[in-house]
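A.B. asks: Okay, here's what each chain looks like letter by letter:
There are 4 protein chains.
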Amino acid sequence: MIKAGIVGVSGYSGKTVLTILNQHPDVCVSYLSANNTQGKIADIWPELRDISPLSCQKFDPYNLIKNCDVAFLAVPHTISMAITPKLLSAKIRIIDLSADYRLRDARNYKKWYGLPHTDVKNLRKAVYGLPELFKEKIKKAKLIANPGCYPTAAILGLAPLITTQTNNVNSIIIDAKSGTSGAGKKATIGLSFSEVNENFKAYKVLNHQHSPEINHILSRLGCHGIQAHFVPHLLPITRGILETIYVGLKKKITLSQIHRVFKRFYKTEPFVRVLPLGIQPEIKNVSYTNFCDIGLALDESKQMLVITSVIDNLVKGAAGQAIQNMNIMCGLKETKGLM
Amino acid sequence: MIKAGIVGVSGYSGKTVLTILNQHPDVCVSYLSANNTQGKIADIWPELRDISPLSCQKFDPYNLIKNCDVAFLAVPHTISMAITPKLLSAKIRIIDLSADYRLRDARNYKKWYGLPHTDVKNLRKAVYGLPELFKEKIKKAKLIANPGCYPTAAILGLAPLITTQTNNVNSIIIDAKSGTSGAGKKATIGLSFSEVNENFKAYKVLNHQHSPEINHILSRLGCHGIQAHFVPHLLPITRGILETIYVGLKKKITLSQIHRVFKRFYKTEPFVRVLPLGIQPEIKNVSYTNFCDIGLALDESKQMLVITSVIDNLVKGAAGQAIQNMNIMCGLKETKGLM
Amino acid sequence: MIKAGIVGVSGYSGKTVLTILNQHPDVCVSYLSANNTQGKIADIWPELRDISPLSCQKFDPYNLIKNCDVAFLAVPHTISMAITPKLLSAKIRIIDLSADYRLRDARNYKKWYGLPHTDVKNLRKAVYGLPELFKEKIKKAKLIANPGCYPTAAILGLAPLITTQTNNVNSIIIDAKSGTSGAGKKATIGLSFSEVNENFKAYKVLNHQHSPEINHILSRLGCHGIQAHFVPHLLPITRGILETIYVGLKKKITLSQIHRVFKRFYKTEPFVRVLPLGIQPEIKNVSYTNFCDIGLALDESKQMLVITSVIDNLVKGAAGQAIQNMNIMCGLKETKGLM
Amino acid sequence: MIKAGIVGVSGYSGKTVLTILNQHPDVCVSYLSANNTQGKIADIWPELRDISPLSCQKFDPYNLIKNCDVAFLAVPHTISMAITPKLLSAKIRIIDLSADYRLRDARNYKKWYGLPHTDVKNLRKAVYGLPELFKEKIKKAKLIANPGCYPTAAILGLAPLITTQTNNVNSIIIDAKSGTSGAGKKATIGLSFSEVNENFKAYKVLNHQHSPEINHILSRLGCHGIQAHFVPHLLPITRGILETIYVGLKKKITLSQIHRVFKRFYKTEPFVRVLPLGIQPEIKNVSYTNFCDIGLALDESKQMLVITSVIDNLVKGAAGQAIQNMNIMCGLKETKGLM
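As they're listed, the protein sequences go chains A, B, C and D.
All residue numbers for the first sequence refer to our numbering, where the first residue is 25 and numbers rise by one.
All residue numbers for the second sequence refer to our numbering, where the first residue is 25 and numbers rise by one.
All residue numbers for the third sequence refer to our numbering, where the first residue is 25 and numbers rise by one.
All residue numbers for the fourth sequence refer to our numbering, where the first residue is 25 and numbers rise by one.
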């Protein structure tokens, strides 16, 4: 049995890691912490009453090290990079759900998150945990930077094209829509029910901190600099992301050719479903699952491709993907506990 | 033109007072204040851009007194009783949307709101502003205690029976359901979209601060002590209240007899619609209106009456009723600006 | 492996049975049918793409009999009683999620469902499948009448009191609120998003077909006739029921005494959680689970008890409970596939 | 007083026309019809009980002609073109809220609506009723083709740029999101609450019937053929549209230059609010109003402009705009009854 710890179990991502691990046949959750809340897990998450007997402690690295093989860090950014060096030196494997190790270039971190990176050494060792693209590296990783929710949907939607037809891609626009749980468990008026319900808006237009993450990974895949335009919106739903991705193509191509490229690319991937032509993905079809569903459409001129990509932001966009990474790191079947 | 001031325009009730007064032919809004936010109203409420040129100031009683005939106090409780004496002595008419002057007995205020009442003298002069019941007193009032949202729906639903058949009433249960705007514009996790959406719960069961208000008014109407059991719930909608009121009857009565009593009672009231038998009220039918819709059903034994009463909590449950009161106080037609 | 068939897999209950059985370690789904839709299950339920390879056929009793040990009938009422005799005579165990075998008295069926019962013989043999109350009978049953969603929440909320203190119960009012999936997958204007969203209403007030089911079972438990007053409402959520149950008591009792009665009553039941005093159940805490959470409150006079009971109408209120029944009938652990 | 008739008052657009006209000081509603429902308006729209005494009849052109100066046709497409010739020849002014007279080219009608156009003669006389662009023509019009909801938001968002900088526009993508009332009052499973709630999806991707309408008008404004890519999505809200419009620019331009262009373009328009830079429009800020709010953002390269445009689909996207057109046609102040 793998002994797993969750740091930050009082947030939505941490809770979802716990919920999924509770059903995982090869994992035993052996440590839970949160800084603002302690005590029985049922007092923090009433839905877990009678399910998990664990208590949540104030974070103490020595307790975590003593009790765990793997640690899931579901904490706000800056916290991960403060505790990761100590955990790594104690040989704990780390899956960091925060943004701290996602951007390879520390200057980008400073630019987008407003603070200097304090663990540049490990930044270079971190593996970007998108299993469909980097499985071999994940197998050997000690530190996983679990992808952001928006980047997961965007990169999975674009990867087949970028890796196989990068010279045909002229421009990329990502129009993203997310439910509110992506913003975390927060007390703000902007996230209050009276403000979000019966409403819809764009925010951080062309200026969201997930942009550099998306562009960095797409550029790696395409082997040249790619600048996608990214605009997120806030949906009046709790869970789920849909991204509508517009790709201007240089050369004409048919929709069935593109469809074949996508089907082939994800042929052996258990969590990506390329839908039949004519069918559009819907958020509810992936809710509470680790699936990413992808739909395709092409305009008459055959030069504007529309890719629609949906995930559950708390599962494939956070906790589920983290556990998929853990499975791969630990030599387990990738789908264990996730189907 | 009546010059009206709104104290607390940054909250939902204050905003709704402003919105309605903007369409009122006989009123000019001449003063706006809020303690935490100042500046152009469009910066506080973007929906009012290009509609209202007014600015919102930090509250200053002298400015209000200088500029207004009537003041709407849409502030948290305890604030109203701190400023009311000064305004009253300057001959400003006051419509207080807070709870400060609703409970006649200051000890009850202490018990339910946790603080001693600091303006007991005016407490006795305040008129409970439920126009359908106390119109004559409202005409002469200087200080109106605008009813709570839950009490408005409850008392309008029960008044015909309590006033005409009080001896036939055995027991009263009020199962109330409210949208989130009733809790005000607040940054709390409990009111965040992720917690309220796809959820429903009871709260302050048998222990809500609107209970003594309901019981006090019902007892006045029935001329003897009435103790209704009151349980509120939080609905995943922004606006609206529905209360399902169960009245155990001592003697058998037919549904058409009861229906006639209700129709007659509200015959001349423009804002209460007693629905035909067989039709149930729905929150959406009163949204953004000052109506209270009432439905009736009786069980086979003819001894359990079910009254369903709906209002928009921000209109008939707050701002609309406040303006209805102002119309009556100022000798205007009761429906002015409200249809 | 138990071979299970699902009749009516195109509805929400049937789909939920399939979804849960897909994760059940001891069951193999070997037959799917629906009358209006045939073909690959992914074409009916896109969320099941790549999960279930089964196809859905037009119902044919011989195919079902040939392929199954157990049949889940998730069909509209009247359909079940048409096919049950044939299946029973072929020794198929039946769990009927429709209303056809819930009312012991065929005259009641006629009265509430509008048609004569056509299988009175088996009506008497059917066992009411509420495991927390009738486990021993379920073990030996061939035909289970799976309880309605409203009755499940109501009866579980009331059973401890009715069985242990029936003489202390004066009156019972059940104010029930349900999400829309309880009405099934239907194309009606009344269930359309534009009508349900930002709305709330009571319906079939004191006249819902689940009333006789509730009263019949409560009367069995209390060993005398019990008539609860039942009023259902439509919540703008997809999944979940909350019932607020008001019990007028003849004699005073303390809240801790009642709490002890409830805790003891459900001590060994894995799916009922009696919450600590002071905590109210919320629908989201039981969503997608087979739990029933129960909260308790008592008024100052100690004679009005408020029981709040929540379930997921598609799980504990339908498919989950059906599988819990199957587990018991087949000698498996009651919680298999349901935790 | 202008005598107005509404054909199709049982749909959401027709109802909204009636609701707004009820508050219009210069209009008297003198005729209501609907084909599937007749009787008192309160039986069709319970929210109008005690507000409108009118009854709704089966459509009869002679009754309409006898009683009205202006007719609002809020009917499904194909119905308008069947009745318009007779009404026009009787000198009734017509505002058609359907799609029948929006596409100048009858072949386009056939292509997108699947049927030949049966009133080609009047098709050429119809004026496209977007007042901000075609006010002078509307003043003299006898037949108004009231714009579609998606085209209204798109064209208002793009018009300043297309009319003043058409040569600088390289490509246009319109990512549109609409609430459910845009689909009308329909009984379909796809629009049922259980399917729409907690969900989001694209539909008719690059293939929506509003595309040719958008492209036709933009091309008129730009004086050359413009092909925008249009993808609509279904939002889980009742009212409102937000469109995120991506314009690839040929030459660099600053955001303040663009902002000035937009401000100047709509300087005298009462219903278009170009927001200050840095502020994004939100659907709730235009709900129940005739406003279109527009926000602007530009990427670092200064060559990708993002325009966000919001309207209430039932007001500025249908009924409100229709009444704005009526005001202009009848020589009234454009904002009468709409503020």
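By construction, these hints were calculated from the structure, which means they are not laboratory data.
Be a bit skeptical, because a hint or two may be false.
Because identical chains share one entry, a pair is satisfied inside a single copy or across any pair of copies.
[As the list claims (entries may be wrong)] Listed next, the in silico DSS-like pairs over lysine-lysine satisfying Cα-Cα at most 25 Å (straight line):
(1) K27 with K64
(2) K274 with K149
(3) K115 with K357
(4) K326 with K134
(5) K134 with K164
(6) K164 with K135
(7) K164 with K145
(8) K110 with K357
(9) K163 with K291
(10) K209 with K357
(11) K166 with K90
(12) K228 with K164
(13) K64 with K228
(14) K274 with K326
A.B. asks: If the cut is 25 Å between Cα atoms, do K110 and K357 qualify within a copy, between copies, both or neither?
C.D. replies: Neither, since 29 Å and 44 Å both go past 25 Å.
A.B. asks: My question is about K115 and K357: at a cut-off of 25 Å on alpha-carbon distance, are they close within one copy, between copies, both, or neither?
C.D. replies: within (22 Å within a copy, 40 Å between copies)
A.B. asks: At most 25 Å between C-alpha atoms: does K27 with K64 qualify within a copy, between copies, both, or neither?
C.D. replies: For K27 and K64, only the intra-copy Cα distance (19 Å) is at most 25 Å; the inter-copy one is 40 Å.
A.B. asks: What label fits K164 with K145 when the C-alpha limit is 25 Å: within, between, both, or neither?
C.D. replies: within (18 Å within a copy, 66 Å between copies)
A.B. asks: Please work out whether the CA atoms of K209 and K357 approach to 25 Å or closer within one copy, between two copies, in both situations, or in neither?
C.D. replies: Answer is neither: 32 Å inside a copy and 36 Å across each miss the 25 Å cutoff.
A.B. asks: Under a CA distance limit of 25 Å, which applies to K166 and K90: within one copy, between copies, both, or neither?
C.D. replies: within (17 Å within a copy, 53 Å between copies)
A.B. asks: Under a CA distance limit of 25 Å, which applies to K274 and K149: within one copy, between copies, both, or neither?
C.D. replies: This pair counts as neither: shortest intra-copy Cα distance 36 Å, inter-copy 41 Å.
A.B. asks: Is it within a copy, between copies, both, or neither that the alpha carbon of K228 lies no farther than 25 Å from that of K164?
C.D. replies: neither (36 Å within a copy, 44 Å between copies)
A.B. asks: Checking K134 and K164: alpha-carbon separation at most 25 Å within a copy, between copies, both or neither?
C.D. replies: Answer is neither; intra-copy 28 Å and inter-copy 60 Å both fail.
A.B. asks: Evaluate K326 and K134 at a C-alpha cut-off of 25 Å and name the case that applies: within, between, both or neither.
C.D. replies: between (41 Å within a copy, 23 Å between copies)
A.B. asks: Quick one: K274 to K326, C-alpha cut-off 25 Å, is that within a copy, between copies, both, or neither?
C.D. replies: Both ways: K274 and K326 sit 10 Å apart in one copy and 22 Å across, limit 25 Å.
A.B. asks: Under a CA distance limit of 25 Å, which applies to K163 and K291: within one copy, between copies, both, or neither?
C.D. replies: Within one copy, since 20 Å is at most 25 Å while 45 Å is not.
Violated hints, listed in ascending order, are 2, 5, 6, 8, 10 and 12; each of the other numbered hints is respected by the structure.
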